[in-house]
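Top line first, the protein sequences correspond to chains A and B.
Quick note: the first sequence uses UniProt numbering, first residue 1, plus one each step.
Quick note: the second sequence uses UniProt numbering, first residue 1, plus one each step.
Everything labelled a hint here was simulated from the structure, so no lab data went into it.
Be aware that a few hints might be false.
Each pair may be met inside one copy or between any two copies, as identical chains are not told apart.
To be verified - Straight-line distance between alpha carbons at most 25 Å, and here's what the computed SDA-like set of lysine to any residue pairs gives: (1) K72 <-> E42; (2) K587 <-> A521; (3) K593 <-> Q514; (4) K593 <-> E420.
Chain residues, written in single-letter form:
Number of protein chains: 2
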Amino acid sequence: MKLRCTLDFLLYDWLDAQALNQRERFADHSRETFDAVLDTCERIAREKYAPFNRTVDTEEPRFDGEKVILPKATHEAHAAFAASGMLSAAQDYEIGGMQLPYTVQAAANSFFAMASVSIGSGMLTSGNANLLMVHGTPMQQEVFAKNEFSGRWSGTMCLSEPQAGSSLSDVATRAVPDGDDFQNDPLGPRYRLTGNKMWISAGDHELTENIVHIVLAKIPDADGRLIPGTRGISLFIVPKRMVNTQGELTGERNDVALAGLNHKLGWRGTTNTLLNFGEGKYPVGGKAGAVGYLVGEPGKGLHCMFHMMNEARIGVGTAATMLGMAGYYASLDYAKNRPQGRPVGVGGKDASQPQIRIIEHADVKRMLLAQKSYCEGALALELYCARLVDEQKTGEAQAVDDARLLLEVLTPIAKSWPSEWCLEANSLAIQIHGGYGYTRDFPVEQYWRDNRLNMIHEGTHGIQATDLLGRKVLMENGRGLQLLAGRINATIERAIQVPALAVHANALGQALQQVGAATKAAWATGNPADALANAVPYMQAFGHTVLAWIWLDVVLATQRTGAAESAAFRAGKLGAMTYFYRYELPKIGAWLKVVETRDLTCAELPEEAF
Amino acid sequence: MKLRCTLDFLLYDWLDAQALNQRERFADHSRETFDAVLDTCERIAREKYAPFNRTVDTEEPRFDGEKVILPKATHEAHAAFAASGMLSAAQDYEIGGMQLPYTVQAAANSFFAMASVSIGSGMLTSGNANLLMVHGTPMQQEVFAKNEFSGRWSGTMCLSEPQAGSSLSDVATRAVPDGDDFQNDPLGPRYRLTGNKMWISAGDHELTENIVHIVLAKIPDADGRLIPGTRGISLFIVPKRMVNTQGELTGERNDVALAGLNHKLGWRGTTNTLLNFGEGKYPVGGKAGAVGYLVGEPGKGLHCMFHMMNEARIGVGTAATMLGMAGYYASLDYAKNRPQGRPVGVGGKDASQPQIRIIEHADVKRMLLAQKSYCEGALALELYCARLVDEQKTGEAQAVDDARLLLEVLTPIAKSWPSEWCLEANSLAIQIHGGYGYTRDFPVEQYWRDNRLNMIHEGTHGIQATDLLGRKVLMENGRGLQLLAGRINATIERAIQVPALAVHANALGQALQQVGAATKAAWATGNPADALANAVPYMQAFGHTVLAWIWLDVVLATQRTGAAESAAFRAGKLGAMTYFYRYELPKIGAWLKVVETRDLTCAELPEEAF
């Protein structure tokens, strides 16, 4: 209810999502159809996800020697989600999609992430199928993508290996042509894969009839050697069970074996696996080696994969955001109902008076407002990025290019910022609950555990930071950064004319200048080792500046729309924005100081001194 | 090993602990006896605690309807700890103690906190018995305290109630005289207690023959009313099983019933209970009501209890610190052994080169050095406070008073700072492990879960902050703060003469001035509501300033002792201190800004705007 109110405001009053309907692709849509999608997702999340969030935490996936067992609730939630059509919501009508804007899809998905982040595994299936719709052959799309969109099969992404977590250039899974006629398989050039893949989410389960693994592997050269680096990486479809061109199971198992389930701190509703490809446990046609069908050109695998990276990272950012939001709402509810203590006053505390509710304590309000500013700000950022995805797909030429570049720069923030600050929000939600928050009788400890994953998967914090400072702010002569600065300055120009906002507009202008100066100073020696030693503090400051901009822009929209929202709603947004400018934005000074001075205190400390 | 090296340095080279042996109470001690205590505790922690830290996490306490079941390992660890004599280490020889300085005891306890924080429940038993040694009658000391010191019985502290967590003035447990001769019981004036106590650690178990609860309750006035506020609180000994004056069990159960075990996020090796006193489940002499023996004067209960507050809070701070340290060592070890990625260089990454170990990446080094600076700094602070406890107990008159006042001001920091920043250290330890850190195959996720308790129990973060800004920095006309400033300035004066440290000495001087100015500004209106709205940011800035001081002082000691430690050891301390001054201390500006301006953004936001 509360979430829906904020989503409606962000979508319609801030991002003007209904304007997308004037574009050809979305011409059949209207605010009514968008609202219907949101209604449906809100209902499914409420009925099929939220009540079982603790269940999937306590009934962890287990392997009975043959199958991976998940709670009944997960099967039912998956079925309801698939039946809603959300897996192919963004796809063309002709393959059964809704041609829904990604902005609306992202907003709709936020309900599932808030209700039970680890039940909701649709993101990988959609992403997998979306990739095939771009890079696969028509047959691959027909057989694999369509069955994923329908929910009959599910998908994975197999990148990491035990010896090469974040370092994809060290991928050692080998793919060799399967027989002389390997080029002639109607499902795509046929290879046999051998190798181990680690951290594969939804890598094994019985939720669907089949699982479509998309696997990074290298094709050896004539001497049997793997090309070092990421250039040698190709992409393969490796189904768990063999299929024919009709999309029917042949009855034969492919040579993909579950080697282990990872037992995690949180996010336990989703299986996470170590998979062995081609170890010979399930020989195909009497021969060891997992059968894989090449997708796209050999050696272009990473390029194909990066195609879906922005959406995946926005997905992770949204998950982090909604876990934060879940904790915010839970602690707000608790604070409104829990009586304890008395007001602080000049005359001290009068114990003969009745206790007040803890929301009346200033420090509890501080912890609530911090959560609100982190989570609602992050949600706005994620939707802003989703809106850029739509622009990139359906805008005019210049807008497409601008959106692409802006997304390059903003994606590391959209992924990293909520994973850090909405985790902090979850910690504050625990704190507000006091001892109760530390028990498993209240939901907030689980949110905190679940959220801790988000700084790790889909590119760690360190990798996002290196991507931002090492690549994104430099690319195309810094044009992405300039574009972003242009957007920020446009907001500043509007805000500076509003007396109540002028002081914040000035603060944002200063912050932007500081970030720009730090970017230059970091690279002043041209040595990546100097610049990137403090890439994470840089990203933290950059992120806080972006969020300050988003908040100012959001508050401008509350002023613009005037009568649409209640006075309390507007006061809330204004309060959260004010909090962010007074309590958060001033933190960037400390982070940027080490960037500007190219501080090497950490980098130069010898190993034996630790 | 690594910890011992740091402890030895802090105890002997920095705090000059061996000088305590010149005092009468400690005259029999020497560095050799201190070392023997450290050796013993290190060994017991290594053999009986560390191997079972995961066991006590997975085999959570459970109630079989009659008894609370704990793992065998917990029984064995408890027995070994009791046999070591550490429960009464600080007590007089005549009652079986060692007359060990608290400084050395605190250092020795750090081994247990690092090995398995939730097995080690000796702190409550010692604290309970120590309180009786000060406020109990000789008979109470003989019967209860001595049996606790020997480890035959254990102790609890029963403060909180379900309706009054942190708000002790709302304690509703009633204690009424038990018969006309209630004054004549040799164990103390005998009352019958009725009420519920929540969050009672070690509240029920079979580790010991009996459990000695120390319970806060109110004696009703002639009209049966409880006096509002904390003035009406008295203190009672309520044994789980009834005992006679010989310290023998009478065979009768006292009317204390386990009403529930709390199922926690972490710290699972310790039972945490809801206890019902006097509900009639175990009537004594055929009558409902838990038998309790008054300790000290009626209505002075809180005064007696506060007696042990400083040590308990230093204990919590030390626990938080050592959990942080455990994560630091685990992630350091992982980083030294895990190969992944390649060095950042001007020419880019050359994938044909072998992978490097992750400790060679600057961002991993940053996360390690942050942990080192948080945890080693916090350990130094805890030992500094422990040294003040010894000073307060055995120093000359002026030194005693100074130590008392300094402890008043420093204790909120000693409790809160590690609970916040060593938790952050644990998060960094997870991050260094990547995906592995998120699994339960590595220890770091448990440290992080265990550590989350420390901002909550023994006075929440908010309560510590209110105590600091609302009471401690004001008391006795601010003399505590002035004393602390004097100590800090003394360090600055020494450091400023060392060329390599002068810049840090100046930064510390500035920080101290900022804290002083913020303290004044916070109270400029004289209105607690203005000042305390930002008590937590104030405490964060105050804490960072204290830690900066501690670090500078520690590094001065490495310079003083010169040859005693290795060059790598000194470089490590210097590196951690430098990290703290460059990356951490600059954060105080943002925190103090809202204090100085008495920012009421949070406090004034109306409830409906959240």
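Practice task
Tell me, in ascending order, the numbers of any earlier hints that this structure violates.
Solution key: Violated hints: none at all, because every hint is consistent with the structure.
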